[in-house]
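Order-wise, the sequence lines are chains A and B. Using the working numbering, the first residue of the first sequence is number 188, and each one after it goes up by one. Using the working numbering, the first residue of the second sequence is number 50, and each one after it goes up by one.
None of these hints come from the bench; they were simulated from the model. Each hint should be verified, as a subset may be incorrect.
One side of the interface only, derived from the structure: several residues of chain A facing chain B at Cβ under 8 Å [to be verified]:
#: 1; residue: Met213
#: 2; residue: Pro264
#: 3; residue: Leu275
Mimicking PhoX-like on lysine-lysine, the simulated pairs with C-alpha atoms at most 25 Å apart in a straight line are [said to hold, decoys possible]:
#: 4; chain 1: B; residue 1: Lys72; chain 2: A; residue 2: Lys270
#: 5; chain 1: B; residue 1: Lys263; chain 2: B; residue 2: Lys180
#: 6; chain 1: B; residue 1: Lys274; chain 2: B; residue 2: Lys242
#: 7; chain 1: A; residue 1: Lys228; chain 2: B; residue 2: Lys259
#: 8; chain 1: A; residue 1: Lys270; chain 2: B; residue 2: Lys213
#: 9; chain 1: B; residue 1: Lys240; chain 2: B; residue 2: Lys272
#: 10; chain 1: B; residue 1: Lys72; chain 2: B; residue 2: Lys137
#: 11; chain 1: A; residue 1: Lys228; chain 2: B; residue 2: Lys80
#: 12; chain 1: B; residue 1: Lys289; chain 2: B; residue 2: Lys259
#: 13; chain 1: B; residue 1: Lys242; chain 2: B; residue 2: Lys213
#: 14; chain 1: B; residue 1: Lys137; chain 2: B; residue 2: Lys122
#: 15; chain 1: B; residue 1: Lys242; chain 2: A; residue 2: Lys228
#: 16; chain 1: B; residue 1: Lys295; chain 2: A; residue 2: Lys215
#: 17; chain 1: B; residue 1: Lys242; chain 2: A; residue 2: Lys270
#: 18; chain 1: B; residue 1: Lys180; chain 2: A; residue 2: Lys270
#: 19; chain 1: B; residue 1: Lys272; chain 2: A; residue 2: Lys228
#: 20; chain 1: B; residue 1: Lys213; chain 2: B; residue 2: Lys180
Computed Cβ-Cβ distance ranges for the label pairs, DEER-style [stated by the list, open to error]:
#: 21; chain 1: A; residue 1: Glu259; chain 2: B; residue 2: Ile79; range: 21 to 29 Å
#: 22; chain 1: B; residue 1: Gln133; chain 2: A; residue 2: Tyr212; range: 28 to 36 Å
#: 23; chain 1: A; residue 1: Tyr212; chain 2: B; residue 2: Ile79; range: 19 to 27 Å
Predicted, not measured: the structure shown is a model, and the values here were computed from it. C-beta atoms are modelled at their ideal positions from N, C-alpha and C, and glycine is treated no differently.
Chain by chain, the residues:
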Amino acid sequence: MSDYINEDFIEFNEFIEELASIDSYMDKRIDHQVVAMQVEKITTETACQLSIEVDLDGAVSIGTIPPMYYLETSFMPVFHNIKINFELEENN
Amino acid sequence: MAVANRSWNLESFLDSLIVELDKARETLAIKAINKPLTYAVKDVNLEMQLFPSFDGDNVQFITAQPGQEGASKIAIQLGSITDQQIRKTTNEPNTAQDVSIDLIDEIDTDTKNTLRKIGVTSVNDLDKIQKKNVDLLKVSNKKVDYGKLANLLNKARRTENPPKVGNVNFNISRSASTIQVEGDNLMLDEKYKPVAVFNGEMVELISASKSNLKLQINKDTVKDKDNELIVISDPYTVFKMKLDHKN
């Protein structure tokens with residue numbers, strides 16, 4: 188695997204970690220009681236830009252980033268699509 | 050230095066993608082030490098806009114650039130599987146006794162690719178398909194001749210595991226005299242029975258194993274110095290020893 192990626196992009200593993208970075212519980216106090224909820228499953232689907240680079244040995248590095256600009260231009264970037272399912276894991 | 054937007058092959062891309070997913074899984078596992086609840090990646094579906102190209106042997110891909118139209122859409126779906134599933138669905142890694150076909154220079158790239166397509170990556174794989182009486186000439190579209198290939202592979206395997214002689218003991222007695230050769234890789238393939246010549250005479254083999262050879266000799270042929278023992282343990286291996294006999 189190549190280590191180099193374009194600086195406008197983040198490594199693919201960081202991209203996944205960012206998506207999975209969710210606070211475990213959501214809680215709200217209602218009439219002296221606390222109601223807590225946890226998310227069991229997350230399905231996330233987003234357009235993304237990819238930077239796939241190849242070093243001289245043929246090793247590939249993958250950089251990715253969600254769409255960076257929302258302004259429509261005559262030359263639009265190419266958007267790929269990524270869908271990730273996360274599931275809750277309870278750690279003892 | 051990596052170069053942007055060069056063609057890549059699917060295998061390298063998947064290798065990289067899997068390494069990235071493993072890295073993410075490891076980070077999430079570290080996070081799990083302090084957090085009671087964490088999220089694991091169940092599956093990933095990546096849809097990419099690509100242009101494939103085919104050079105006659107390999108398919109390569111290049112990502113579509115801004116402004117380029119008519120790209121193919123390729124979706125890669127990766128699910129998480131357990132270690133048991135991995136063991137069931139993949140070949141065991143090559144052992145020290147086995148030789149990967151990639152390492153054998155005598156086999157040309159075309160033959161290597163043909164073998165890989167039919168799932169043969171090592172000498173042991175080839176032995177397995179031979180045991181099942183598969184006609185290699187037919188399945189490889191007359192590209193691979195089994196006999197020739199098996200010879201090359203076995204020779205390579207023998208080169209990787211040469212015979213090593215540790216000790217040689219003479220056991221001279223009136224009833225039966227023997228020579229015992231101790232070492233490693235003295236014989237490698239059960240198919241071949243070793244043949245030995247002692248001082249120009251063919252001698253009888255009493256027992257043979259990877260680490261031990263026992264040969265019956267005629268005690269009258271034993272000299273004090275410069276006894277010559279030649280062992281042919283298979284079609285690819287001959288080893289010769291000069292032995293002194295001490296009473």
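Taking the hints in turn, this is what the structure says about them:
no. : hint                              : result
1   : Met213                            : violated (12 Å)
2   : Pro264                            : holds (5 Å)
3   : Leu275                            : holds (6 Å)
4   : B:Lys72 <-> A:Lys270              : holds (18 Å)
5   : B:Lys263 <-> B:Lys180             : violated (30 Å)
6   : B:Lys274 <-> B:Lys242             : violated (28 Å)
7   : A:Lys228 <-> B:Lys259             : violated (57 Å)
8   : A:Lys270 <-> B:Lys213             : violated (57 Å)
9   : B:Lys240 <-> B:Lys272             : violated (33 Å)
10  : B:Lys72 <-> B:Lys137              : holds (24 Å)
11  : A:Lys228 <-> B:Lys80              : holds (18 Å)
12  : B:Lys289 <-> B:Lys259             : holds (17 Å)
13  : B:Lys242 <-> B:Lys213             : holds (18 Å)
14  : B:Lys137 <-> B:Lys122             : violated (31 Å)
15  : B:Lys242 <-> A:Lys228             : violated (63 Å)
16  : B:Lys295 <-> A:Lys215             : violated (94 Å)
17  : B:Lys242 <-> A:Lys270             : violated (60 Å)
18  : B:Lys180 <-> A:Lys270             : violated (45 Å)
19  : B:Lys272 <-> A:Lys228             : violated (83 Å)
20  : B:Lys213 <-> B:Lys180             : violated (29 Å)
21  : A:Glu259 <-> B:Ile79: 21 to 29 Å  : violated (41 Å)
22  : B:Gln133 <-> A:Tyr212: 28 to 36 Å : holds (33 Å)
23  : A:Tyr212 <-> B:Ile79: 19 to 27 Å  : holds (20 Å)
Comparing the model with each earlier hint shows violations of hints 1, 5, 6, 7, 8, 9, 14, 15, 16, 17, 18, 19, 20 and 21; every other hint is respected.
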